[in-house]
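Turn these sequences into a full structure, and let the hints steer you where they fit.
Protein chains in written order, with this note's numbering: chain P, 1 to 171; chain H, 1 to 167.
It is possible that some hints are incorrect.
[As the list claims (entries may be wrong)] Covered, in the sense of this in silico footprint (three residues per stretch, anywhere, with C-beta under 8 Å from a C-beta of chain P), are these stretches of chain H:
1. 123-136
2. 148-156
[Unchecked claim] Under 7 Å between C-beta atoms, here's a sample of chain H residues computed to sit facing chain P:
3. Lys77
4. Glu80
5. Asp81
6. Leu139
7. Gln140
8. Val141
9. Pro142
If you are wondering where the hints come from, they were derived from the structure by calculation, not from laboratory data.
Using N, Cα and C, we set each Cβ at its ideal position, and we do this for glycine too.
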Amino acid sequence: MIACPQRVAALHAHHDGELGAFSRWRLERHLATCPGCRASLAALEAIGDAARAQADAIASPDLWDLLAVRLPELDAAIDAGPPARGTRAARLWAGLAGLRGRQLMKPIGVAAAVAAVAAGFLLLRPVAPPDHVVRAVDGEGHVVMVLPSDRDATIIWVMDDGGGSGDPAPL
Amino acid sequence: MIPRRSSAAGRAPLRSRGAAALLLAGLLAAAAAPAQEAAGGPPRDGPPARVALEIGVHHVSQRPGPVDPAAEALVQKLREDFRYQSVRVLDRRRLDLALGETGTVDLPSGRRLKVKPRRIGENGLFMRVEIEGRLRTSLQVPNHHQVVIGAERHEEGKLVVTLEPDY
Chain P
1 MIACPQRVAA
11 LHAHHDGELG
21 AFSRWRLERH
31 LATCPGCRAS
41 LAALEAIGDA
51 ARAQADAIAS
61 PDLWDLLAVR
71 LPELDAAIDA
81 GPPARGTRAA
91 RLWAGLAGLR
101 GRQLMKPIGV
111 AAAVAAVAAG
121 FLLLRPVAPP
131 DHVVRAVDGE
141 GHVVMVLPSD
151 RDATIIWVMD
161 DGGGSGDPAP
171 L
Chain H
1 MIPRRSSAAG
11 RAPLRSRGAA
21 ALLLAGLLAA
31 AAAPAQEAAG
41 GPPRDGPPAR
51 VALEIGVHHV
61 SQRPGPVDPA
71 AEALVQKLRE
81 DFRYQSVRVL
91 DRRRLDLALG
101 ETGTVDLPSG
111 RRLKVKPRRI
121 GENGLFMRVE
131 IEGRLRTSLQ
141 VPNHHQVVIG
151 AERHEEGKLV
161 VTLEPDY
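Below, the structure written as structure tokens:
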């Protein structure tokens, strides 16, 4: 099965999630009637799934796991005694020992981890678009499209009978 | 006899837990405030009895032509999905309406746009919008969220109405 040549770019954009809502809607209508384009899209998705499976095989360490491993190591290093005087390690050891005397090392580590996670949550969190802006719609006999809201806007499009220059051109 | 070091170790976790709890509470409060703002929640003094609606009426066309600088924001919104090449602002006004009051705007096509803010909810303004003979809709619009309505064919293009509550 071969995809329609004029749809190839749209199929790739759809697969990459780069197609706008209206274009996606039109392409999905076309896919419902075109086995060639459906097969091409399925092939793209199979390639994507294989690539993602490969990526998932590489585990990424969790931040807390890293801290949990590092803290006992630091304690052990302090318990083992000071390194040779005057070295950078000796200065670090002295600092750690001072903190450890007040039992602050782990709380600081926990607080730092919480702060890092929270800061990441605040900085990286996408602002969600509002849900359910359009509660009900009646096109009074006309086809009406409601495009998914983004953060700033919701688009409602009343289609003109028979298409024409009032509505966007096909893909 | 309990060694001094053990005693200090017993108190420190309590202090650290308290500090961590305070830190977490502060971060959660900081996270909650913008979330409520983004959701278009009502101001702390309670919902107002009147709302303002910014109404725009535009003509968009696929024919090459100028893009009205005042419609640049609309062009950005439509660019992803539509291929209009010229945009004119035909009308722009601000309706100051009481809740339950109906405001009307005459469109260049001869139809009438009716808007009726009903109440202010946690997630935005409940309102009804009607373009006679074309569309009747019930909306819940967060404050300063824009609703773009492609209303009808007009002069080889399309009339596009924008509504944005400001309360």
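We went through each hint and held it up to the structure:
1. 123-136: holds (count 8)
2. 148-156: Holds: 8 residues of the region 148-156 of chain H have a Cβ under 8 Å from chain P.
3. Lys77: The hint holds - Lys77/H has a Cβ within 7 Å of chain P, the shortest such distance being about 5 Å.
4. Glu80: OK, holds: Glu80/H within 7 Å of chain P, min 4 Å.
5. Asp81: Interface hint status for Asp81/H: holds (4 Å vs cutoff 7 Å).
6. Leu139: With a minimum Cβ separation of about 6 Å from chain P (threshold 7 Å), the hint on Leu139/H holds.
7. Gln140: holds, 6 Å
8. Val141: holds, 6 Å
9. Pro142: holds, 5 Å
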